[in-house]
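K.L.:
Please model the entire structure based on the sequences and the hints provided.
Protein chains in written order, with numbering that gives the first Met the number 0: chain A, 0 to 309; chain B, 0 to 295; chain C, 0 to 257.
Think of the hints as simulated: they come from the structure by calculation, not from any bench. It is possible that part of the hints are untrue.
[Claimed, not checked] Mimicking DSSO-like on lysine-lysine, the simulated pairs with C-alpha atoms at most 30 Å apart in a straight line are:
id: 1; chain 1: A; residue 1: 213; chain 2: C; residue 2: 179
id: 2; chain 1: B; residue 1: 34; chain 2: C; residue 2: 196
id: 3; chain 1: C; residue 1: 80; chain 2: A; residue 2: 141
id: 4; chain 1: A; residue 1: 80; chain 2: C; residue 2: 80
id: 5; chain 1: C; residue 1: 81; chain 2: A; residue 2: 138
id: 6; chain 1: A; residue 1: 138; chain 2: C; residue 2: 80
id: 7; chain 1: B; residue 1: 27; chain 2: C; residue 2: 179
id: 8; chain 1: A; residue 1: 138; chain 2: C; residue 2: 76
id: 9; chain 1: A; residue 1: 80; chain 2: C; residue 2: 81
id: 10; chain 1: B; residue 1: 166; chain 2: B; residue 2: 155
id: 11; chain 1: C; residue 1: 81; chain 2: A; residue 2: 141
id: 12; chain 1: C; residue 1: 81; chain 2: A; residue 2: 19
id: 13; chain 1: C; residue 1: 179; chain 2: A; residue 2: 134
id: 14; chain 1: C; residue 1: 80; chain 2: B; residue 2: 27
id: 15; chain 1: C; residue 1: 257; chain 2: A; residue 2: 213
id: 16; chain 1: B; residue 1: 226; chain 2: B; residue 2: 214
id: 17; chain 1: A; residue 1: 213; chain 2: A; residue 2: 71
id: 18; chain 1: C; residue 1: 81; chain 2: A; residue 2: 134
id: 19; chain 1: C; residue 1: 257; chain 2: A; residue 2: 80
id: 20; chain 1: C; residue 1: 196; chain 2: A; residue 2: 19
id: 21; chain 1: C; residue 1: 179; chain 2: A; residue 2: 141
id: 22; chain 1: B; residue 1: 166; chain 2: B; residue 2: 295
id: 23; chain 1: B; residue 1: 238; chain 2: B; residue 2: 282
id: 24; chain 1: B; residue 1: 158; chain 2: B; residue 2: 115
id: 25; chain 1: C; residue 1: 257; chain 2: A; residue 2: 138
id: 26; chain 1: A; residue 1: 141; chain 2: C; residue 2: 76
id: 27; chain 1: C; residue 1: 196; chain 2: A; residue 2: 71
id: 28; chain 1: A; residue 1: 18; chain 2: C; residue 2: 257
id: 29; chain 1: C; residue 1: 257; chain 2: A; residue 2: 19
id: 30; chain 1: A; residue 1: 18; chain 2: C; residue 2: 80
id: 31; chain 1: C; residue 1: 76; chain 2: C; residue 2: 179
id: 32; chain 1: C; residue 1: 80; chain 2: A; residue 2: 134
id: 33; chain 1: A; residue 1: 213; chain 2: C; residue 2: 81
id: 34; chain 1: A; residue 1: 18; chain 2: C; residue 2: 76
id: 35; chain 1: C; residue 1: 81; chain 2: A; residue 2: 18
id: 36; chain 1: B; residue 1: 34; chain 2: C; residue 2: 179
id: 37; chain 1: C; residue 1: 76; chain 2: A; residue 2: 19
id: 38; chain 1: B; residue 1: 100; chain 2: C; residue 2: 257
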Amino acid sequence: MYAIEIQGLSKSYAVGFWKKQSQPALRGLNLTVEPGETFGFLGPNGAGKTTTLKLLMGITFPTSGSARILGKDLRDPQIKKRVGFLPEQPYFYDYLSAPELLTYYAQLSGVATPGRSQHIQALLDRVGLGDVGSKQLRKFSKGMLQRVGIAQAIVHDPEVIFLDEPMSGLDPLGRYEVRELIQGLKDAGKTIFFSTHILSDAEALCDRVAVIHKGELRGVGVVNDLRSASAEKAEVVWKGTAALSTLAGHLTESHVTGDTVRATVSTETLDLVLEKLRQQQARLVSVTPLHGTLEDYFLAKTSESGAAEA
Amino acid sequence: MKSSRTVTIVATLLLIASLAGSAVTSNKVESLRGKEATLEEVLFLPSGNALKRLSLGYSGLLADIYWTRAVQYYGAQSNQRSARYDLLAPLLDITTDLDPKLLVAYEAGSVLLAQKPGGAGQPDKAVALVEKGIRENPDYWRLYFTLGFIHYLDRKDYKAASEAFEKGSKVPGALPWMKVMAARMAERGNEIPVALELWNTIYQTNPTLRDTAVKHIVSLQAAADIKELTRRIAVYQQKSGSPPDTWADLIRSGLIPGIPRDPTGSPYKLMPGAAVWVEDPGKFPFLSEETIREGK
Amino acid sequence: MTSRLSAITLNTFREAVRDRVLYNLILFVLLLVASSPLFGAISIGIQRLVLINLSLTSISLFGVVIAIFIGIGLVFKEIEKKTLYTILSRPVRRWEFILGKYFGLVLTLTVNAALMTVGVYVALLITEQKLTTADARLMVAVYFIILQFLMVTAITLLFSSFSTPIFSAVFAFALFAIGKFAGDLRTVAAMAHGATKWLTTAAAYAVPNFASLDVIPQVAYNQPISGSLIVYNTLYALLYSAAMIAGAVLIFERRNLK
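P.N.:
Written out as structure tokens, the structure is:
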């Protein structure tokens with residue numbers, strides 16, 4: 000069972016005065032995330048990252064497609080007990096204090112009353128807000144609010160945690176601390192899905208990443224594969240899923256979107272794979288040697304030529 | 000994917016059921032309150048002036064609403080005519096306090112108040128309402144018209160009717176016919192000097208009405224003359240023990256200076272039984288025994 | 000479910016209190032105190048009448064104003080400020096959210112009215128030196144005022160679920176004003192013919208009937224209020240409010256939040 004499984008998820012907004020034109024924010028996203036994985040969702044601003052998260056949380060409704068979290072359809076409210084969410088630049092009820100806010104959220108998430116207040120105090124300590132006491136949230140700095148945000152995302156000890164730009168607006172110390180927190184969650188075996196446009200964070204924390212641009216998935220892969228210093232691996236993209244079965248053993252990693260297959264191949268087997276694809280008459284789209292940093296990969300995928308692969 | 004199907008169905012059913020239920024309950028509540036609950040609110044309203052202040056400048060609108068209420072509950076077209084005529088006068092009073100210039104409330108409202116059947120049968124209250132209207136709208140002569148007719152038709156007070164018409168006739172823009180009504184009312188009420196004066200004014204100021212005026216004037220003068228002559232005949236009878244045979248008897252006893260002539264110039268006729276009449280009654284269409292008898 | 004509902008209800012109440020809404024009570028007290036010289040200048044019988052009319056009308060009006068001013072933001076504010084994001088990511092159903100907000104505001108208004116009523120009784124005690132059974136009738140009037148709050152809040156909540164605050168406020172106030180003349184709307188409907196009759200009858204039922212909930216004059220004149228009227232008015236207010244809330248739920252369930 001995947002922790003997160005997204006199938007053909009699409010969202011279009013009706014725009015224009017008469018709401019006749021459709022503006023796609025997300026086009027046919029396919030993704031899977033394994034339990035315990037830390038998955039980075041990368042993309043420039045406006046790529047569709049936040050839209051994806053809103054769809055997954057049930058804040059907006061998809062135009063088509065579906066998704067499952069921990070095997071359950073995302074419409075199932077019960078699944079939310081095992082899911083945590085930190086929205087981008089969150090705003091909380093500013094008339095509450097941090098313990099009050101966390102208690103409220105804990106109640107809504109079904110955290111049992113016995114031991115709850117101690118648990119919340121421990122959590123506040125853990126995110127570095129141990130001594131805020133009854134100060135109202137309207138007096139918190141941005142960094143403090145971000146920590147409250149993380150606290151509320153995990154107050155009910157969820158298995159899957161979604162973070163939208165968790166480092167946004169933080170100073171270097173704040174970012175370091177949040178990174179440590181995420182690392183701690185990762186060590187505890189949680190599945191973490193976080194979107195960001197800061198590649199260094201993704202590189203440091205994620206097992207796999209996906210690159211999204213203009214609503215389309217442009218690339219998926221294991222981080223280490225995508226940024227090898229020497230060209231040990233290459234990414235091959237082709238159309239025609241029929242060839243996939245014959246090539247299964249030669250691919251390090253593969254990902255299918257519709258008719259397009261995106262696979263990571265070691266450079267030794269590259270020629271073999273290309274040969275087999277020609278035999279199968281699969282339509283080759285691109286071959287990208289994976290060397291350089293994640294940034295190189297990212298830039299390659301978000302350039303105009305990267306669009307051809309969609 | 001939209002919302003949970005269950006929630007949608009439940010909410011839709013609830014919506015329809017509650018709306019229907021609320022309509023039904025609302026009916027029940029209204030029936031419990033009584034048919035005239037809305038009318039009875041007038042009993043609880045503060046004085047018109049207090050209400051005016053409370054209505055924060057929307058007193059005109061409020062007046063219109065109350066006037067509509069009056070029409071709905073008391074008007075001829077109403078299919079739920081209310082018998083609570085005790086509430087009509089207060090309602091109209093409040094309406095006109097809120098909007099003193101709402102003329103229709105005075106005009107039509109006073110008719111509703113005065114009439115019976117088809118109204119409250121409270122002409123005195125109707126008079127009070129119209130007089131209030133006149134105070135607030137002194138330039139509107141038609142209120143005098145309404146007032147006059149209430150006195151005439153519902154109260155049968157011809158003197159008051161005449162005065163109303165006369166006052167109204169003096170308002171700029173009043174139709175000349177107001178004066179005619181004043182004169183006729185005076186005549187009806189046997190106020191001969193008043194009537195004469197009014198007819199004379201009409202004669203002098205209104206060429207089209209001259210003929211009518213003349214007929215009235217001569218009739219009234221004749222009535223006054225005949226009344227006086229009859230009185231002097233009675234004096235003669237008392238002194239001499241028997242009625243006079245001719246005018247000469249009266250002249251000889253010094254009761255009259257000469258042969259009495261009517262306004263057209265013909266002599267009055269002394270009839271058997273010592274009654275006095277005119278030579279040519281055709282010239283005196285408005286002369287009647289009643290005027291002679293009751294004339295003041 | 001109930002724990003989530005009560006959590007949202009109490010939080011909404013807490014928000015209103017911390018928003019210093021209850022400060023209107025101070026204004027109310029000042030109003031009563033300021034008008035007390037008026038009482039001294041008039042005879043005893045009228046004194047009570049004025050006190051009851053003034054205070055009950057204030058309780059009603061203050062409450063309606065609060066209901067509308069807080070109600071228009073109940074849903075709108077949460078969407079604008081995106082505080083809803085962290086709520087919806089939890090096992091909270093959208094309809095629970097709407098209901099919780101509703102109960103929270105109603106609770107606020109009821110507490111407010113209750114405190115004001117205590118104030119009125121204190122004032123009565125001061126002016127009359129004792130309380131009579133007639134004074135108990137005040138509770139019926141206050142109860143009806145609370146029923147009125149139930150309806151006004153539900154109406155405002157419905158508008159808040161899809162409209163901006165300004166429009167919500169305008170519509171809600173307009174419906175409140177028209178509702179006061181619901182009786183007249185009915186008589187117009189009864190006298191109309193044809194298509195107009197259909198339209199005006201529909202309007203007469205759609206508009207909340209606040210005229211029948213206004214027993215302030217009767218209470219001031221110490222007239223009894225029938226038990227069945229209390230029962231049916233309660234039913235009416237509950238049903239009408241339920242309809243409005245059902246509408247709000249239907250709309251909110253479908254809303255794509257930006």
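K.L.:
Could you run down the list of hints and mark each one as holding or not?
P.N.:
To see whether the hints hold, each was checked on the structure:
Using a Cα cut-off of 30 Å, the hinted pair residue 213/A and residue 179/C is violated, with the two alpha carbons roughly 54 Å apart. Under the criterion of a C-alpha separation no larger than 30 Å, the hint pairing residue 34/B with residue 196/C is consistent with the structure, at around 19 Å. Our distance criterion of 30 Å between C-alpha atoms is met by residue 80/C and residue 141/A, whose separation comes to about 16 Å. At roughly 23 Å between alpha-carbon atoms, residue 80/A and residue 80/C fall within 30 Å of each other, so this suggested pair holds.
Only pairs whose Cα atoms come within 30 Å are accepted, and residue 81/C paired with residue 138/A is accepted, the gap being roughly 18 Å. With a C-alpha separation of about 17 Å, the suggested pairing of residue 138/A with residue 80/C holds against the 30 Å cut-off. The suggested pairing of residue 27/B with residue 179/C holds, with an alpha-carbon distance near 18 Å, which does not exceed 30 Å. Under the criterion of a C-alpha separation no larger than 30 Å, the hint pairing residue 138/A with residue 76/C is consistent with the structure, at around 20 Å.
A threshold of 30 Å between alpha carbons decides the hint, and for residue 80/A with residue 81/C the separation of about 20 Å falls inside it, so the pair holds. The straight-line distance between the Cα atoms of residue 166/B and residue 155/B is roughly 18 Å, inside the 30 Å bound, and the hint therefore holds. Of the pairs offered as hints, the one joining residue 81/C and residue 141/A holds, with about 16 Å between alpha carbons and a cut-off of 30 Å not exceeded. Pair hint residue 81/C plus residue 19/A holds up; C-alpha atoms about 27 Å apart against a cutoff of 30 Å.
Note on residue 179/C and residue 134/A: the hinted pairing is violated, with a Cα-Cα distance of about 45 Å set against a maximum of 30 Å. Pair hint residue 80/C plus residue 27/B does not hold up; C-alpha atoms about 44 Å apart against a cutoff of 30 Å. Taken as a hint, the residue 257/C and residue 213/A pair is honoured in the structure, with Cα atoms around 18 Å apart against an allowance of 30 Å. For the suggested pair residue 226/B and residue 214/B, the alpha carbons sit about 18 Å apart, so the restraint of at most 30 Å is met.
Among the hinted pairs, residue 213/A with residue 71/A is consistent with the structure: their alpha-carbon atoms are about 28 Å apart, no more than 30 Å. Between residue 81/C and residue 134/A the CA atoms are separated by roughly 21 Å; this keeps the pair inside 30 Å, and the hint holds. As the CA atoms of residue 257/C and residue 80/A are separated by approximately 23 Å, the hinted pair is consistent with the 30 Å bound. This hinted pair does not check out: residue 196/C and residue 19/A have alpha carbons roughly 38 Å apart, beyond 30 Å.
This hinted pair does not check out: residue 179/C and residue 141/A have alpha carbons roughly 49 Å apart, beyond 30 Å. Between residue 166/B and residue 295/B the alpha-carbon distance is near 21 Å, which keeps this suggested pair within the 30 Å criterion. Taking the CA atoms of residue 238/B and residue 282/B, the gap is near 34 Å; set against the 30 Å cutoff, the hint is violated. Annotation: proposed proximity of residue 158/B to residue 115/B holds, straight-line Cα distance about 22 Å (limit 30 Å).
Distance restraint check for residue 257/C and residue 138/A: the Cα-Cα separation of roughly 26 Å lies within the 30 Å cut-off, and the hinted pair is therefore satisfied. Restraint check: the Cα-Cα separation between residue 141/A and residue 76/C comes to about 21 Å, which is no more than 30 Å; the hinted pair holds. A hinted pair counts as satisfied when its Cα atoms are at most 30 Å apart, and residue 196/C with residue 71/A does not qualify at roughly 53 Å. At most 30 Å may separate the alpha-carbon atoms for a hinted pair to count; residue 18/A and residue 257/C meet this at roughly 16 Å.
Taken as a hint, the residue 257/C and residue 19/A pair is honoured in the structure, with Cα atoms around 18 Å apart against an allowance of 30 Å. For a cut-off of 30 Å, the pair hint linking residue 18/A to residue 80/C stands: about 25 Å separates their Cα positions. Simply put, residue 76/C and residue 179/C have alpha-carbon atoms about 29 Å apart, close enough for the 30 Å limit, and the pair holds. Pair hint residue 80/C plus residue 134/A holds up; C-alpha atoms about 20 Å apart against a cutoff of 30 Å.
About 24 Å separates the Cα atoms of residue 213/A and residue 81/C, which keeps this hinted pair within 30 Å; it holds. Under the criterion of a C-alpha separation no larger than 30 Å, the hint pairing residue 18/A with residue 76/C is consistent with the structure, at around 25 Å. A distance of roughly 24 Å separates the Cα atoms of residue 81/C and residue 18/A; the hinted pair therefore holds under the 30 Å criterion. Annotation: proposed proximity of residue 34/B to residue 179/C holds, straight-line Cα distance about 17 Å (limit 30 Å).
Distance restraint check for residue 76/C and residue 19/A: the Cα-Cα separation of roughly 28 Å lies within the 30 Å cut-off, and the hinted pair is therefore satisfied. Between the alpha carbons of residue 100/B and residue 257/C the distance comes to roughly 54 Å, so the proposed pair goes past 30 Å and is violated.
The structure fails to meet hints 1, 13, 14, 20, 21, 23, 27, 38 from the earlier list, while all remaining hints are met.
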